[in-house]
Amino acid sequence: MYLARVIGTIWATRKDESLVGTKMQLIQPMDRFMKNSGEPLVAIDTVGAGQGETVYYVTAREASIPLRRALSPVDASIVGIVDTIENY
Amino acid sequence: MILARVIGTVWATRKDEKLQGLKLQIVRPVTLDYKDREGFLVAVDAVGAGVGEVVLVVQGSSARQTSATENKPVDATIMAIVDKLDAT
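Those sequence lines, one after another, are chains A and B.
Just add 3 to the spot in the first sequence (first one is 1) and you have this note's numbering.
Just add 57 to the spot in the second sequence (first one is 1) and you have this note's numbering.
Don't take each hint at face value.
Unchecked claim - Calculated cross-link-like contacts (lysine-lysine; reagent style BS3-like; alpha-carbon spacing at most 27 Å):
| no. | chain 1 | residue 1 | chain 2 | residue 2 |
| --- | --- | --- | --- | --- |
| 1 | B | Lys129 | B | Lys75 |
| 2 | A | Lys26 | B | Lys141 |
| 3 | A | Lys38 | B | Lys92 |
| 4 | B | Lys92 | B | Lys129 |
| 5 | B | Lys72 | B | Lys141 |
| 6 | A | Lys26 | A | Lys38 |
| 7 | B | Lys92 | B | Lys80 |
| 8 | B | Lys92 | A | Lys26 |
| 9 | B | Lys80 | B | Lys129 |
Unchecked claim - Chain B side only, calculated, beta carbon under 7 Å to chain A, not exhaustive:
| no. | residue |
| --- | --- |
| 10 | Thr66 |
| 11 | Thr70 |
| 12 | Lys72 |
| 13 | Leu76 |
| 14 | Gln77 |
| 15 | Gly78 |
| 16 | Leu89 |
| 17 | Val99 |
| 18 | Gly107 |
| 19 | Val111 |
| 20 | Leu113 |
| 21 | Gln116 |
| 22 | Asp140 |
| 23 | Asp143 |
Hints are computed from structural coordinates only; laboratory data are not their basis.
By construction, the Cβ of each residue, glycine as well, lies at the ideal position given by its N, Cα and C atoms.
The shape of chain A in the complex, shown without the other chains (with noise of 0.2 Å):
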């Protein structure tokens, strides 16, 4: 999993049939101090972050897991909102 914080909404009426209703995100990558770290990507939101939130996100085919459907055409995918971060 990876850390990045919501910085908008994207809206595209003509998509995948298994992904309407599906609620997307574009998130900016960022390493463990908050610093932004690579481009934003879209991902699917299943836990209703915020824009401005920390959150953290899976990648690759594991994405669609959340989505509970035999075929979703995603490929990150938010799955938790971060509360805090201690660095050692």
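Since chain A is already given, all that's left is putting chain B on it; use the hints.
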């Protein structure tokens, strides 16, 4: 998923037989303000995107998770057409 713009179409007569009937598009990754990023990809079009449209591209094994690409040798699929995005 990444944001990209459709910049061309690929025709290939000789290909894996499982790819018969699939539409192949050339897509270029773009930033949140739709400016070009480096590189390009060939992606299967599962939603009927046209040249110039901004789309979402799913990569890796998740690209096979649509009814059009299931069990086919595909690692990038256009699975949504972007109407609008709102990023901070």
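- Query: Broken hints, numbered, in rising order?
  - Reply: 4, 5, 10, 11, 12, 13, 14, 15, 17, 18 and 19
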